[in-house]
Amino acid sequence: MTNPWIIAPVAVPAMTAAFLVLALRHSLAAQRVVSIAATALQLAVAIGLYIAASDGELRTYLLGNWPAPFGIVLVLDRLAATMLLLTGLLASGIVLAALGEWDKRGRHFHALFQFQLLGVNGAFLTGDLFNLFVFFEVLLIASYGLMLHGGGPRRLVAGFHYIGINLIGSTVFLFAAGLIYAATGTLNMADLAAKVPLVTEANQPLLAAGALLLLTVFATKSAMVPLHWWLPTAYGSTSPPVAAMFAIMTKVGAYSLIRVYTLIFGASAGPLADIAAPWILPAGIVTLVLGTIGVLAARRVVDLVCYSLIASMGTLLIAIGLTSEAALAAAMYYALQSTVAGAALFLLAGLLAPEKDSRVSFAWRPQYATLFAGFYFLLAIATVGLPPLAGFIGKLLILDAGRAASAMATVWPAILITSLLLTIGFTRTGMHIFWIPSPTPEEPAQRAVPIGPVAVIAGMIVVVAALSLFAGAVMNDLTAMAEQLRSPQRYITAVLRAQVTLNLTGE
Amino acid sequence: MSMEFLMATGVGALTAVGLYLILLRRTFPVVVGLSFLSYAVNVFLFTMGRLTIDRPPIIDAAQQGYTDPLPQALVLTAIVITFGMTALIVVLSLRAFLETGNDDVTLDVTPEDEAPGKDRTEASR
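Respectively, the protein sequence lines represent chains E and S. Going by the working numbering, the first sequence opens with residue 1, and the numbers climb by one from there. Going by the working numbering, the second sequence opens with residue 1001, and the numbers climb by one from there.
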């Protein structure tokens, strides 16, 4: 079933960004209006697509009307729709939080922001492996600009690291795509899924090398140990709204892991079935442990948030590595709540910073201590996974999914012990910020309450609370999503059948 | 045989040079190393449609066999993207050099002046 609206999440930000750069480059006020309107439009489209996708039918959009394995196809399934909705929600919050202070620090914030949305939305929708590479590059190019937004020597050096590691990642992606193409002769995901089980024995090592090289790329994007070290430097050096937006980028990596290793190299991939799962699960456990150690060792609020992001990615990767249907549903639920909570924590860390940039030592006492402490308390509960917020439910679901697997002996202690350590880390940091009086002699200058970010953080907490309150309904949807993911045949027929109907109408 | 050997050795040598340069401490060798890596992957992408010479890039009944045109399109995309990226990272490393005064890629995460606890212990004394 084709649906023209599927192109909208890609087309709207692309045109908006070009319009912002070309026509509105001198008027920040006009840029803000257009950017907010475009982001709201994307959110509306994402909600519409989510409702459309919730009937379980897969929808496709053939770019340039080229039939499926030859042209590029955009595919909307439940997973893509969920991720689009998450992106839309997050982006609408962040564009509001960036107003007033951060979008003035440099030029073209809104244009870069829209380009970033273009890359993220495209990566979620595309049904072609090389096109996924292209959308990765789009979102990375935009993220380079956003990361450097505001300037400063530290940001430049950290930006060099970030761009360097991602350029290497892009090169590895190309090597992987090359190997996969050499073995199968196609890069369309549905076509790959159909052809991977049929690959001759001589070509299987080539294909396995490609599949695992692809894993290293997605591991870099999703900050999986040992490829996680770039994240604290990069996210800790950039501005708070950008870091909050980057919270979705690690999820792009996680999304790609889920997509590629359920559809192409999933359970039905013949000799290469579930090729990545034996790597993802232990790597996820180590990621969780190292992230937790980072939280305990963090000396700045931003570092704490960065390492808690790594820890939550570890939990997410564990759930992905379990590969069962229940685990995938739990992984998505956890991903939704940890993205929103992580973004809110980045914004809060920006508010706790004394002056220009996001750096803050624990010695600083904030002016709006009660409000910020309340925010911090709720977000810490959500991130650590204490009841009643969604982090608890997410971790419980992952533990429950791990119960059935043979991995229970490692997964349960890892998640439970790190949860305790995360609680200690967040508690200690909170005590340092809010309870120990500032040793600095003069009080920091009085500043007006930054309404935008405060309202956005409050809104994000409401979203997390809603996720916990309606966990049953959300999980019903996500279980249906996992079920859809575990039957790749429906994806294959939906994409390759689009070609047939097109040919019939064309003749 | 000799053609395959030449291509494989070439890709291997380019990758090795690129990897070595990336591991150096200065920004300029790192940028050059990234370029070498992208050359390696470009040559590699050419070979992924298998090495075929003197064949048209379309299926033609008059000819025996064909050469796969798709890798060339992919290489073109990859060249354009890495070219832009290289330009960006050159500008970035230049600006970093001009602003910080050195071209070292290392980043001290907690420099002396912002080491936490330092001023606190002094204050408590």
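To be clear, the hints were calculated from the coordinates, so they are not data collected in a lab. Heads up, the beta-carbon is just placed ideally off N, CA and C, and yes, glycines get one too. Among the hints, erroneous ones may be present.
[As the list claims (entries may be wrong)] Stretches of chain E that chain S covers, calculated by requiring three or more beta carbons in the stretch to come under 8 Å of a beta carbon on chain S:
1. 65–73
2. 123–137
3. 176–184
Worksheet item: Can you give the numbers of the hints that this structure goes against, from lowest to highest?
Response: 1
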